[in-house]
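Asker: For reference, the chains in residue letters:
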Amino acid sequence: GAVVSQHPSWVICKSGTSVKIECRSLDFQATTMFWYRQFPKQSLMLMATSNEGSKATYEQGVEKDKFLINHASLTLSTLTVTSAHPEDSSFYICSARDQTAGWAGVGDTQYFGPGTRLTVL
Amino acid sequence: RKEVEQDPGPFNVPEGATVAFNCTYSNSASQSFFWYRQDCRKEPKLLMSVYSSGNEDGRFTAQLNRASQYISLLIRDSKLSDSATYLCVVKRDSSYKLIFGSGTRLLVRP
Chain D
22 GAVVSQHPSW
32 VICKSGTSVK
42 IECRSLDFQA
52 TTMFWYRQFP
62 KQSLMLMATS
72 NEGSKATYEQ
82 GVEKDKFLIN
92 HASLTLSTLT
102 VTSAHPEDSS
112 FYICSARDQT
122 AGWAGVGDTQ
132 YFGPGTRLTV
142 L
Chain X
40 RKEVEQDPGP
50 FNVPEGATVA
60 FNCTYSNSAS
70 QSFFWYRQDC
80 RKEPKLLMSV
90 YSSGNEDGRF
100 TAQLNRASQY
110 ISLLIRDSKL
120 SDSATYLCVV
130 KRDSSYKLIF
140 GSGTRLLVRP
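Chains as they are written, first to last, in the working numbering: chain D, 22 to 142; chain X, 40 to 149.
No lab work stands behind these hints: they were computed from the structure.
Hints are supplied without guarantee of correctness; some may be wrong.
[Said to hold, decoys possible] Here are the simulated DSSO-like cross-link-like pairs (lysine-lysine), alpha carbons at most 27 Å apart as the crow flies:
{"#": "1", "chain 1": "D", "residue 1": "76", "chain 2": "X", "residue 2": "118"}
{"#": "2", "chain 1": "D", "residue 1": "35", "chain 2": "X", "residue 2": "118"}
{"#": "3", "chain 1": "D", "residue 1": "62", "chain 2": "X", "residue 2": "118"}
{"#": "4", "chain 1": "D", "residue 1": "41", "chain 2": "D", "residue 2": "85"}
{"#": "5", "chain 1": "D", "residue 1": "87", "chain 2": "X", "residue 2": "118"}
{"#": "6", "chain 1": "D", "residue 1": "76", "chain 2": "D", "residue 2": "41"}
{"#": "7", "chain 1": "D", "residue 1": "76", "chain 2": "X", "residue 2": "136"}
{"#": "8", "chain 1": "D", "residue 1": "85", "chain 2": "X", "residue 2": "41"}
{"#": "9", "chain 1": "X", "residue 1": "81", "chain 2": "X", "residue 2": "118"}
{"#": "10", "chain 1": "X", "residue 1": "136", "chain 2": "D", "residue 2": "35"}
{"#": "11", "chain 1": "D", "residue 1": "76", "chain 2": "D", "residue 2": "62"}
{"#": "12", "chain 1": "X", "residue 1": "118", "chain 2": "D", "residue 2": "85"}
{"#": "13", "chain 1": "X", "residue 1": "81", "chain 2": "D", "residue 2": "85"}
{"#": "14", "chain 1": "X", "residue 1": "84", "chain 2": "D", "residue 2": "35"}
{"#": "15", "chain 1": "D", "residue 1": "35", "chain 2": "X", "residue 2": "81"}
{"#": "16", "chain 1": "X", "residue 1": "118", "chain 2": "D", "residue 2": "41"}
{"#": "17", "chain 1": "X", "residue 1": "41", "chain 2": "X", "residue 2": "81"}
{"#": "18", "chain 1": "X", "residue 1": "118", "chain 2": "X", "residue 2": "84"}
{"#": "19", "chain 1": "D", "residue 1": "41", "chain 2": "X", "residue 2": "136"}
{"#": "20", "chain 1": "X", "residue 1": "41", "chain 2": "D", "residue 2": "41"}
{"#": "21", "chain 1": "D", "residue 1": "35", "chain 2": "X", "residue 2": "41"}
{"#": "22", "chain 1": "D", "residue 1": "85", "chain 2": "X", "residue 2": "136"}
[Stated by the list, open to error] Which stretches of chain X does chain D cover? Using the computed rule of at least three CB atoms under 8 Å from a CB of chain D, they are:
{"#": "23", "segment": "113–123"}
{"#": "24", "segment": "136–149"}
Just so you know, these numbers come straight off a predicted model, no measurement behind them.
Where is the CB? At the ideal position from N, CA and C, for every residue including glycine.
Please construct the entire structure, taking both the sequences and the accompanying hints into account.
Answerer: Written out as structure tokens, the structure is:
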């Protein structure tokens, strides 16, 4: 089955530093990847849609200058949390859509990475 | 109001029990519906898609009522390994975006 990896699986950093999280589709090509954030006991919230070769589309309320997304290849998207603060501490999860799945009709699914737990001190 | 609403639980049931989860969605343009399972500190994993005619996968049965904008998941003969958070997920019209409910936590005790 389709596999998505994330690196690192967890990271602890000091306030004010930047952290880069990688999301890779290991056995398929993904023109579209998604970045989610999940706070404890809350739902996954979509942050942005990452499109290969073009700018990401951010959801309302997500600061694009703070959460930098780069999708330079069909198998890799990165999320950089710039000038991280304690309130950015969260579980960041990416997902990837298999481009061979065609139009996003009924039954189209996304493959999720294992997540990255970010703790900002 | 959240676009996808679920009872947060937790539902604490004995092994072998039958348990039902409910979910409502507010966007009538939603086209696709799913149940995902999420274990503690793990990523969500697709449990099953939900079809208008209702569908069953082993001990799991999903139902969709478009008129009421209501989705359900029934788990029969609960196992200890069913303990997890169950997420109701909706996809809007022709977009790829998934909208997640906040999840219902299930605890199955021996």
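Asker: Does each hint hold? Answer for all of them.
Answerer: Checked hints:
Under the criterion of a C-alpha separation no larger than 27 Å, the hint pairing residue 76 of chain D with residue 118 of chain X is inconsistent with the structure, at around 45 Å. Among the hinted pairs, residue 35 of chain D with residue 118 of chain X is inconsistent with the structure: their alpha-carbon atoms are about 42 Å apart, more than 27 Å. The hinted pair formed by residue 62 of chain D and residue 118 of chain X meets the criterion: a straight-line CA distance of about 23 Å does not exceed 27 Å. Pair hint residue 41 of chain D plus residue 85 of chain D holds up; C-alpha atoms about 14 Å apart against a cutoff of 27 Å.
As the CA atoms of residue 87 of chain D and residue 118 of chain X are separated by approximately 43 Å, the hinted pair breaks the 27 Å bound. With a C-alpha separation of about 17 Å, the suggested pairing of residue 76 of chain D with residue 41 of chain D holds against the 27 Å cut-off. Among the hinted pairs, residue 76 of chain D with residue 136 of chain X is consistent with the structure: their alpha-carbon atoms are about 17 Å apart, no more than 27 Å. Taking the CA atoms of residue 85 of chain D and residue 41 of chain X, the gap is about 23 Å. The hint holds against a cut of 27 Å.
This hinted pair checks out: residue 81 of chain X and residue 118 of chain X have alpha carbons roughly 19 Å apart, not beyond 27 Å. At roughly 32 Å between alpha-carbon atoms, residue 136 of chain X and residue 35 of chain D are farther apart than 27 Å, so this suggested pair is violated. Only pairs whose Cα atoms come within 27 Å are accepted, and residue 76 of chain D paired with residue 62 of chain D is rejected, the gap being roughly 31 Å. Distance hint between residue 118 of chain X and residue 85 of chain D is unfulfilled; the C-alpha atoms sit about 43 Å from each other, more than 27 Å.
Distance hint between residue 81 of chain X and residue 85 of chain D is fulfilled; the C-alpha atoms sit about 26 Å from each other, no more than 27 Å. Between residue 84 of chain X and residue 35 of chain D the CA atoms are separated by roughly 32 Å; this puts the pair beyond 27 Å, and the hint is violated. Pair hint residue 35 of chain D plus residue 81 of chain X holds up; C-alpha atoms about 24 Å apart against a cutoff of 27 Å. Only pairs whose Cα atoms come within 27 Å are accepted, and residue 118 of chain X paired with residue 41 of chain D is rejected, the gap being roughly 39 Å.
For the given pair, residue 41 of chain X sits about 23 Å from residue 81 of chain X by alpha-carbon distance, which is consistent with the 27 Å threshold. A C-alpha spacing of about 18 Å is found between residue 118 of chain X and residue 84 of chain X, which places the hinted pair at or below 27 Å, so the restraint holds. Between the alpha carbons of residue 41 of chain D and residue 136 of chain X the distance comes to roughly 23 Å, so the proposed pair stays at or under 27 Å and holds. For the proposed pair residue 41 of chain X and residue 41 of chain D, the alpha carbon gap of about 30 Å is over 27 Å, so the pair is violated.
Proposed proximity of residue 35 of chain D and residue 41 of chain X is contradicted: the alpha carbons are some 33 Å apart, above 27 Å. Simply put, residue 85 of chain D and residue 136 of chain X have alpha-carbon atoms about 18 Å apart, close enough for the 27 Å limit, and the pair holds. Beta-carbon proximity to chain D at under 8 Å applies to 0 residues in the segment 113–123 of chain X; the threshold of 3 is not reached and the given coverage is violated. Counting residues of the segment 136–149 of chain X whose beta carbon lies closer than 8 Å to any beta carbon of chain D gives 7, which meets the minimum of three for the stated coverage.
Checked against the numbered hints listed earlier, the structure breaks hints 1, 2, 5, 10, 11, 12, 14, 16, 20, 21, 23; every other hint is satisfied.
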